[in-house]
Amino acid sequence: MIDFLAKFFRREEASSSRARERLRLVLMSDRVSLAPDIFDAMKGEMLDVLRRYLEIDERGMDVHFENAERQFALMANIPVREVKTHEAIALARDVANRLQTADVLESQPTVATPPRRRRRRRARAAANAPLAAQPSDEAGALQAIDDAGAPPPSG
Amino acid sequence: MPGRAFVITSGKGGVGKTTTTANVGCALASLGKQVVLMDADIGLRNLDLVLGLEKRIVFDIVDVAEGRCQPRQALIRDKRLEGLYLLPASQTKNKESISEDQMRDVVRLLVAEFDVVLIDCPAGIEHGFRNAIAGADEAIVVTTPEVSAIRDADRILGMLGQRRARLIINRVRLEMVKTGDMLAVEDVAEILGREVLGVVPDDEEIIDTTNRGEPIVLDPSRRLSKTYIAIARRLTGEDVPLPSFDDDGFFSRLRRLMIGTRSHA
Amino acid sequence: MPDLDRDIQDTLASPSGASAQLPLDASAAAAVKLGRSIVVTSGKGGVGKTTTTANLGTALADAGRSVVVVDADVGLRNLDVVLGLENRVSKHLLDVIEEKCSLDEALVRDRVRRNLLLMPAAQNREKDDVPEEKMAQLVRQLQERFEFVLIDCPAGIEQGFRNAVVGAQEAIIVTTPEVSAVRDADRVIGLLPRAIELKLVVNRVRPAMVKKGTMMSVADVNAILRLDLLGVVPDEREIIIATNRGTPVIDIEGSETGAAFRRIARRMLGEEVPIPSFEDKRNFVTRVMSTLGLGRS
Chain A
0 MIDFLAKFFR REEASSSRAR ERLRLVLMSD RVSLAPDIFD AMKGEMLDVL
50 RRYLEIDERG MDVHFENAER QFALMANIPV REVKTHEAIA LARDVANRLQ
100 TADVLESQPT VATPPRRRRR RRARAAANAP LAAQPSDEAG ALQAIDDAGA
150 PPPSG
Chain B
0 MPGRAFVITS GKGGVGKTTT TANVGCALAS LGKQVVLMDA DIGLRNLDLV
50 LGLEKRIVFD IVDVAEGRCQ PRQALIRDKR LEGLYLLPAS QTKNKESISE
100 DQMRDVVRLL VAEFDVVLID CPAGIEHGFR NAIAGADEAI VVTTPEVSAI
150 RDADRILGML GQRRARLIIN RVRLEMVKTG DMLAVEDVAE ILGREVLGVV
200 PDDEEIIDTT NRGEPIVLDP SRRLSKTYIA IARRLTGEDV PLPSFDDDGF
250 FSRLRRLMIG TRSHA
Chain C
0 MPDLDRDIQD TLASPSGASA QLPLDASAAA AVKLGRSIVV TSGKGGVGKT
50 TTTANLGTAL ADAGRSVVVV DADVGLRNLD VVLGLENRVS KHLLDVIEEK
100 CSLDEALVRD RVRRNLLLMP AAQNREKDDV PEEKMAQLVR QLQERFEFVL
150 IDCPAGIEQG FRNAVVGAQE AIIVTTPEVS AVRDADRVIG LLPRAIELKL
200 VVNRVRPAMV KKGTMMSVAD VNAILRLDLL GVVPDEREII IATNRGTPVI
250 DIEGSETGAA FRRIARRMLG EEVPIPSFED KRNFVTRVMS TLGLGRS
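Residue numbers (numbering that gives the first Met the number 0), protein chains in the order written: chain A, 0 to 154; chain B, 0 to 264; chain C, 0 to 296.
Worth double-checking, as some hints may not be accurate.
What the hints assert, rightly or not - Straight-line distance between alpha carbons at most 30 Å, and here's what the computed DSSO-like set of lysine-lysine pairs gives:
(1) B/225 / B/177
(2) C/211 / A/42
(3) B/32 / B/54
(4) C/198 / C/211
(5) B/54 / B/225
(6) B/54 / C/210
(7) B/32 / B/225
(8) C/198 / B/225
(9) B/177 / C/90
(10) C/99 / A/42
(11) C/133 / C/99
(12) C/133 / B/92
(13) C/198 / C/133
(14) C/99 / B/54
As the list claims (entries may be wrong) - Beta-carbon label-pair distances, calculated as ranges:
(15) A/71 / C/127: 27 to 37 Å
(16) A/20 / B/239: 30 to 40 Å
(17) A/37 / B/3: 25 to 35 Å
If you're looking for bench data, these hints aren't it; they were derived computationally from the structure.
Since the structure is predicted, the reported quantities are computational estimates derived from the model, not experimental observations.
Each residue gets a CB set at the ideal place from its N, CA and C atoms; glycine is no exception.
Starting from the given sequences, assemble the full structure and let the hints guide the process.
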């Protein structure tokens with residue numbers, strides 16, 4: 000019944016509204032297919048964020064745009080191997096924040112610091128962060144950052 | 000001060016690129032500008048026909064590119080309008096006969112001596128299109144309020160790089176917009192996300208004038224003449240408000256506001 | 000599968016130049032009954048190639064034939080949108096040619112007519128990406144499965160045009176009664192291989208303007224092009240409404256344009272259907288009124 004009513008009202012719809020809706024959907028589809036590298040970059044950034052919280056199975060994942068009758072959607076089916084521990088999540092978010100802050104500082108034109116000194120400053124900041132599973136030395140701290148932030152080794 | 004080169008393009012064929020090039024060119028000339036109209040549709044030339052200059056072609060753009068003649072020798076001076084010139088395309092060669100670099104060079108020579116160069120782009124996105132946009136600083140994208148035309152215009156907008164691109168919405172049928180059978184100007188502008196340079200109503204007089212090779216702008220009494228003059232004025236930087244198609248004053252004011260604030264992307 | 004009609008059998012009896020180029024064993028070719036491959040071209044853009052391809056395909060399907068319409072406009076596809084199938088397109092012609100998917104995975108079935116299918120073009124590739132021989136092979140494969148293969152040609156005379164033409168045994172030249180369109184049609188006729196059978200469709204005719212003398216008549220047009228006239232299609236606002244909705248104009252009640260496309264399909268199937276003279280309806284009424292002594296004569 001609802002189906003029939005929907006079809007009836009759709010027929011009464013001004014053809015220009017129909018045109019507008021169809022264009023909206025078809026242009027989304029066209030624009031995505033015409034800039035594949037941009038959307039690959041988008042997917043990459045999306046995965047970076049996910050990896051802070053989850054261990055995902057990248058080989059089994061499927062991320063794509065889908066063009067259905069009245070909807071254009073980003074579909075993501077991402078198998079999750081592990082949800083990271085609270086500490087690991089906290090560490091990852093902390094590191095992300097610090098790197099962001101360091102980047103901001105680095106981009107300030109007023110402070111003209113030579114590159115080597117900046118890197119050392121960043122490492123020191125990371126090492127001083129309150130980490131749960133905390134290695135005592137600076138090198139270990141850097142390793143912890145790497146573990147949290149880097150993509151899992153590809154098989 | 001060198002002139003400006005605009006490419007008039009669309010993606011979809013038959014939406015009125017050549018007619019627009021001819022009439023905007025005539026309008027600019029009638030405003031006192033020195034204008035060259037360049038036909039980049041090698042192999043399927045039509046700008047000459049629309050201007051009524053087809054019998055006076057001696058040299059064409061490929062001759063210029065290959066150095067067989069000076070640009071000045073290939074230019075056809077329109078006897079009806081002071082300051083209007085045509086650089087015809089070749090009819091027998093194909094679009095691979097000229098390179099993007101050669102096109103850029105020719106346009107560079109022309110903008111050194113003229114105020115405006117309008118490049119009539121062929122339909123499509125192949126060599127002809129790439130050649131036509133090569134020399135242009137800005138683009139005018141012509142579309143009609145129809146699904147296929149808008150879709151193709153969107154594709155073309157994505158291929159114009161950093162160039163400023165403005166829209167001319169052609170063949171608008173007010174009665175059909177009112178009955179909801181045609182997309183409105185605002186719809187088109189919003190969907191494509193660009194500033195509107197002009198709106199040209201559908202008018203069967205255009206067919207007659209193209210058949211006779213007499214651009215409609217040459218007759219100031221025709222209503223479309225005023226439309227093209229307004230477009231020419233906007234191109235030269237004048238602030239000419241887009242016409243309101245409504246009888247209701249409120250909506251026309253609102254529409255003007257909406258289009259005004261939608262500055263070019 | 001319905002019986003192939005007389006025309007197809009004639010085609011098989013006298014193979015055209017196009018099919019002779021393809022790598023197919025002579026005996027195998029004789030055994031296989033091939034459908035008709037027809038390119039719809041014009042030179043000038045915007046004269047109605049896509050509308051014609053979509054509507055003729057639909058009308059032929061309604062007549063019980065198996066039809067595939069092929070969008071050869073790589074990068075600027077629109078056959079999908081004119082048929083209202085844009086949401087169902089996933090794979091395309093280039094995927095098939097590059098063997099990334101099978102023919103069946105790319106073909107899109109029409110919502111209404113089960114025997115009408117669409118082979119979509121790629122939107123994000125270039126026409127130079129399609130090698131001519133591969134295109135010819137693909138068309139041949141489609142001819143083995145469908146009674147009619149209609150190829151929607153892009154505007155122009157560049158590689159896109161050459162690709163669309165390469166597999167075709169027949170061509171429908173579409174033009175409008177305007178000087179630029181006729182000129183371009185003439186050019187295209189000169190570029191088509193001699194073996195291709197040519198027919199003319201004159202589109203967007205406005206009888207009132209022809210009467211006033213502000214538009215060329217069909218006779219004027221064909222005096223220049225000199226082709227077999229397949230049909231004359233009047234201009235109507237219904238075409239715009241049809242493309243807005245994504246339905247073919249032959250499905251709009253009372254559409255003269257739709258009726259014209261149906262007549263063309265019948266002619267393509269071998270029926271003798273006279274081309275109406277498209278007298279302006281108003282003229283008929285005026286004549287009646289003046290007979291009754293009313294209105295202006």
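Results for each hint:
no.	hint	result
1	B/225 / B/177	holds, 23 Å
2	C/211 / A/42	violated, 61 Å
3	B/32 / B/54	holds, 25 Å
4	C/198 / C/211	holds, 28 Å
5	B/54 / B/225	holds, 28 Å
6	B/54 / C/210	holds, 28 Å
7	B/32 / B/225	holds, 17 Å
8	C/198 / B/225	violated, 41 Å
9	B/177 / C/90	violated, 38 Å
10	C/99 / A/42	holds, 23 Å
11	C/133 / C/99	holds, 14 Å
12	C/133 / B/92	holds, 26 Å
13	C/198 / C/133	holds, 26 Å
14	C/99 / B/54	violated, 51 Å
15	A/71 / C/127: 27 to 37 Å	holds, 29 Å
16	A/20 / B/239: 30 to 40 Å	holds, 33 Å
17	A/37 / B/3: 25 to 35 Å	holds, 30 Å
The structure shown violates the earlier hints numbered 2, 8, 9, 14.
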